[in-house]
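Enquirer: Chains as they are written, first to last, in my numbering: chain A, 2 to 303; chain B, 7 to 319.
These aren't lab readings, by the way, just hints derived from the structure by calculation.
Backbone N, C-alpha and C define an ideal beta-carbon position, used for all residues, glycine too.
Wrong hints could be hidden among the right ones.
As the list claims (entries may be wrong) - Okay, the calculated beta carbon distance ranges per label pair:
id : chain 1 : residue 1 : chain 2 : residue 2 : range
1  : A       : W27       : B       : F179      : 54 to 60 Å
2  : A       : S259      : B       : M7        : 52 to 58 Å
3  : A       : K34       : B       : G163      : 34 to 40 Å
4  : B       : E98       : A       : L183      : 43 to 49 Å
5  : B       : T27       : A       : G158      : 25 to 31 Å
6  : B       : V160      : A       : V243      : 31 to 37 Å
7  : B       : A51       : A       : L160      : 30 to 36 Å
8  : A       : I51       : B       : T220      : 55 to 61 Å
9  : A       : W27       : B       : L75       : 52 to 58 Å
10 : A       : T63       : B       : T27       : 44 to 50 Å
11 : B       : L141      : A       : P73       : 23 to 29 Å
12 : A       : F70       : B       : V247      : 41 to 47 Å
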Amino acid sequence: MQQPLTSTPGFEGERPAQPSRWAQFWRSLRHNKPAMISLVYLIFIILVAIFANRIAPYPPNTPNPAASFLPPSLAHPFGTDLFGRDIFSRVIYGSRISLLVGFISVIIGAVPGALLGMVAGLVGGTVEQVIMRIMDMFLAFPFILLAILILAFFGSGVLNVMLAIGIGSIPGYARLTHASTLTLRETTYVEAARAGGARDTRLIGKHILPNVLQTLTVFATFNIPIAILVEAGLDYLGLGVVPPTPTWGSIINEGRQSLLIAPWESIFPGLVIMVTVLAFNLFGEAISNFLDPKSAMDQRPV
Amino acid sequence: MATYIVRRILLLIPLVWGVVTIVFLVVHSLPGNPAAVLLGPFATASREAGLDAQWGLNQPLPVQYVRYLGNLLQGNLGTSFLTNEPAALQIEVALPYTLVLGVLATIISVIVGIPLGVLAAVKANTWLDHGSVILSLLELAAPSFLIGIVSLLVFAGDLGWLPAIGGGSFSNFGDLMAHTILPAIALGAGFHAFLTRMTRSSLLTVLHEDYIRTARAKGLSGRIVIYKHAMRNAMLPVLAVVGLYVGSIVGGTAIIEEVFARPGIGSLLINSVTGRDYIQVQACVIVLALAFVLVNLLTDVAYGVVDPRIQYR
Chain A
2 MQQPLTSTPG FEGERPAQPS RWAQFWRSLR HNKPAMISLV YLIFIILVAI
52 FANRIAPYPP NTPNPAASFL PPSLAHPFGT DLFGRDIFSR VIYGSRISLL
102 VGFISVIIGA VPGALLGMVA GLVGGTVEQV IMRIMDMFLA FPFILLAILI
152 LAFFGSGVLN VMLAIGIGSI PGYARLTHAS TLTLRETTYV EAARAGGARD
202 TRLIGKHILP NVLQTLTVFA TFNIPIAILV EAGLDYLGLG VVPPTPTWGS
252 IINEGRQSLL IAPWESIFPG LVIMVTVLAF NLFGEAISNF LDPKSAMDQR
302 PV
Chain B
7 MATYIVRRIL LLIPLVWGVV TIVFLVVHSL PGNPAAVLLG PFATASREAG
57 LDAQWGLNQP LPVQYVRYLG NLLQGNLGTS FLTNEPAALQ IEVALPYTLV
107 LGVLATIISV IVGIPLGVLA AVKANTWLDH GSVILSLLEL AAPSFLIGIV
157 SLLVFAGDLG WLPAIGGGSF SNFGDLMAHT ILPAIALGAG FHAFLTRMTR
207 SSLLTVLHED YIRTARAKGL SGRIVIYKHA MRNAMLPVLA VVGLYVGSIV
257 GGTAIIEEVF ARPGIGSLLI NSVTGRDYIQ VQACVIVLAL AFVLVNLLTD
307 VAYGVVDPRI QYR
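Given the sequences, and given the hints that come with them, work out the whole structure.
Expert: Next up, the structure:
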């Protein structure tokens, strides 16, 4: 007796084995040398942040007047500051706050931003108008300016810095997901789900979110280095994290007074910021090219 | 075209209203007795009473809001705690320095960034192309204050070619430019890197179009094809996103003016934040945000002028 095709045993198994999404990504990454080096560096710097207390050769905040303003040497690879603190150890400890702010502020921005964008795109009407016009108003502020305003009135500190940077990036995420949701809303499968009686919450969770997630991931990957740069800028201005907690930006801020005597205090943490941001950008580009090959086509050489 | 510009200017009104409302809400969401918190170290009973009266802090929020909008409409930005003078006065002094810095940074970014992008696209896959890509990647990754610090150490410190700090004198153009050139380069570094990358990738796409192949097939010289046929279309996407980057110039002035100890709205803002001079902070933020909105409007209008296909409604 013939069985219906769908219940044929082993039907799934007869398909040619498709490499998983991760395997595909890994393969594309292996051919991309800059992205591969960036990934290795990023894993390295994250490990440095986690094990800072074991790696750092000196305590980050203990003064040692005898070692004031020592230039870079084997004992102090990045030199020392006015108080004789080892800049290398401070940079190692600084990676904790700088990376943490980078990651957490992206979550603070992405979650509410994506939610607002999807709701606005799906519900439409007055709700959409109100949400998106408010987002436009926030976008009328340069990013760092909004962060400075929030910190000026709510005070400094790690949590406030994360909030300031995160809140400032909500409108960007909202705009992006709103645009994607508008396109998705018109697709046949969303229409079919709606006709089948699916409610908005189900539509968002089951149909919209999985489809905007790719664009969202790419956008978020590029926002981490931006958050790191803004955090460093806020600390450089002395508005961010409270001293003596070391962050990359705050070490540079402390080095301002002695720039001509001890330029290493500013230069080394600055270079670490630059390399880290570069690594995030290159790795982000690899993700973006993989998830959205069309944009990679735009970069093709003649 | 004229109707389009008028319409865009009218659309500015709700946006500006939104900006000043957000600033109002941030200022008024302070917990506790606002007058005491706002005055901080300057708090005395009489000052608190004075601030209560000036800002009408003892009145309901909607009343305060209407009064705040009324004051703004008359150009009254409040009185600075630190100087006891109108906040607008300090802004008047600082604004020209920030304008000179922002304009010079933009000019440098455009005259360096776009030609470099064209060169990279035309000479794609040569050392020139790779060099420009690496340079722009590094510039996008470097914090502006690092570029500022290094240029300060090299050109003002070691070489001694340029003055290290200050804003220069408006009565002496050479002096003004000497003081502004390094900050402008540091401020514009990210912008010019962005322009180089955008121009390169946009021009590369356009150079693949059929009409470019046709133009080449007709026997036109490479130069004419690139500058007459390709560039006009390649610059449109670049111009469309320039507005996005202008915010980094406006916001970046705060950091760069601090690095070079320049007078300007940005350093005035930071000094007011550290001095807890909230009225001045509020004034600076409003002025900078308005500048950002206006520049964005200008780039949008410019986009319309360059692309005749844009429909004005």
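Enquirer: List, from low to high, the hint numbers that the structure doesn't satisfy.
Expert: Hints that this structure does not satisfy do not exist here, as all of them hold.
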